[in-house]
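*Asks:* Residue numbers (our numbering), protein chains in the order written: chain P, 1 to 172; chain E, 1001 to 1281.
No lab work stands behind these hints, which were simulated from the structure alone.
Since the structure is predicted, the reported quantities are computational estimates derived from the model, not experimental observations.
A portion of the hints provided could be inaccurate.
Beta-carbon label-pair distances, calculated as ranges [said to hold, decoys possible]:
id	chain 1	residue 1	chain 2	residue 2	range
1	E	Val1075	P	Ile155	39 to 47 Å
2	E	Phe1104	P	Thr19	39 to 47 Å
3	P	Cys143	E	Leu1210	44 to 52 Å
Where is the CB? At the ideal position from N, CA and C, for every residue including glycine.
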Amino acid sequence: MTYCFYICACLCLIIFQTTIIPHISLFNNFYDLLIPFIIYLGLFRPTREGILFILVLGFLMDNLSGGPFGLYVTTYLWLFIVVKLLIKYLHARNNILLLFIVAAGVLMENIIFIVSIFMSGPDSQFLTITIRTVIFQILWAVCTGFFFLIFFNHIHTKLEKWFNKLIRDLGI
Amino acid sequence: MFSKKMVMIVGVIALIVVNIIILSVNSSRYSSYGSFSYEYGRTAIFFIAPFQKPVTQFVQFLKKIWGHYFFLVSVIKENDNLKKTISHTIDKNNKYREIEISNFRLRNLLNFRKTITSQVIVAEVIGQDPSPWFKTIIIDKGKSDGVEKGLPVVVPEGIAGQVIDVSCNYSKVLLIIDRNSAVDALVQRTRDRGLIKGQSDGRCLSKYVLRKHDIKVGDTVVSSGLDGVFPKGLRVGYVSKIVKPDSGIFQEVTVTPYIDFEKLEEVLVVLDPPKHDFLSE
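Model the full structure from these sequences, guided by the hints.
*Replies:* Here is the structure:
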C-alpha cells in the first residue's frame, strides 16, 4: 500500500511538473515538486523504505531531464541523507523546521545543479538568471513547501488507516 | 265540466306557446335599447360588476403569483437547461476554435514539410524538462517511427533541436537554447560562420565569429549544414546584439531564435539528414 501511494503520488507530481507547470507562466520558476516528497520520506518514513524509492525516482528524473545523467539521483540521495541526519542529530521535526526545510532542500538541489553547470562552463547571462531562478524557487518553497509536507503526511496516514481497516474487515 | 288533468295540459301548452312567442319577439328585438332585457340587464351589471372587478383582480393576482413565483420552478429548470446548453455551446465553440488554430498550425507545418526535400515525420510535444536549468522536450515519436538518436528537429520558424535519447515510442529532444547544444551556422547576408550555443536566458550565442566580419543587428542566421546534423539553409534566429570586446579576435554575437520554445506544440523530425562521408585514411 505504501509503495502504491509512493508510485501514484510521484507519477502525479512528475506529470504535473513536466506537462502542466510549463504552460502556466506564474509557475515559470517553480521548484522541483519531488523535493517536498523526498523530504517527507526523510522526515516521516523509515530509511529502508525510502532509499530504494529515491534511487528509482532519481533515475526516472534523470531520464526525463536534459542534464548530466545521475544528477537527480545524486541530488535526491544527498537530500534524503541530509534530512535523515538532521532529524537524527538535531531531533528536530517541529513546524518551524517543516516551514523552511523544503526551501533548504530547493537551495541544496540548485547548488548541486549550478555546480554541475558551472563545471561545463557558464555563459555571460548565467549569474543573473541563476540568482533570479534560485530566489523565486526558494520563495515558492517557503510559501508552499510546508503544505506539501502536511498534505503528503495526511494522505498517507489516511490511506494506511483505510487499508488496515479493510484488511481487518476482510479478515486477511 | 273540464277535468283537472285537462286543465293542466291546456295550461302547459299555453305556457309553451306564450314562451315561444316571447322568445321570438325578444330575439327579433335584441338590439333595441328600450327592451326589457336590456333595462334589467343593465341594472344587474350595475350591481354585480363592482363585485366582479375585485374578484377578477384577485384571480389575476393569484394567477400572477402562480406565474411569477410558483411557476418559476419550471422556469428555473428551463434556465438550468439553457445554461447547460450555453455551456455546451461555449465548450463546442472553444473546441472548434482550437481545431481551427491547430488546423492553421498543421497547414503551416505541412507547407513547410513540402519545402524540405528530406523525409520528415510530424511529432507532438508531450512534455518538457522537469528542471528549469536544462532545455529539453519529450516528443511522441520513437524508434518504432524511425526516429534515431542525433536526428535534427525542425519547425517552420527554424531549427528546434536534436534528438538525444530515443525509446520505443518517445524521444527526448535537446533544444538549441540548451547550454549543451551546438549548431554550425552562418549569417545569411555575409556568409560568415559561427557556432550557435544555447544560453541561460533562452537566447543563443554565436561563438568564434571573427571581429573583422561585418555583421549587423537584425541579420538572419541560418544553419550551414557543415555539422552533419542539420540541413543547410534552415533558419536559426536573428542577430539581436553584437559585442566587440577591446581585445581578442572574436566578437560576441547574440542570436535570438525565431521559435518561441514556450509555445512549441508540434515539430518535424528529419529522418534522413544530409550525411557527410569522411575518409578514414
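*Asks:* Take the hints in turn and mark each one as holding or not.
*Replies:* These are the hints, each one checked on the structure:
1. E:Val1075 to P:Ile155: 39 to 47 Å: holds (44 Å)
2. E:Phe1104 to P:Thr19: 39 to 47 Å: violated (23 Å)
3. P:Cys143 to E:Leu1210: 44 to 52 Å: Hint holds: Cβ distance 49 Å, inside 44 to 52 Å.
The earlier numbered hint that this structure contradicts is number 2, and it is the only one.
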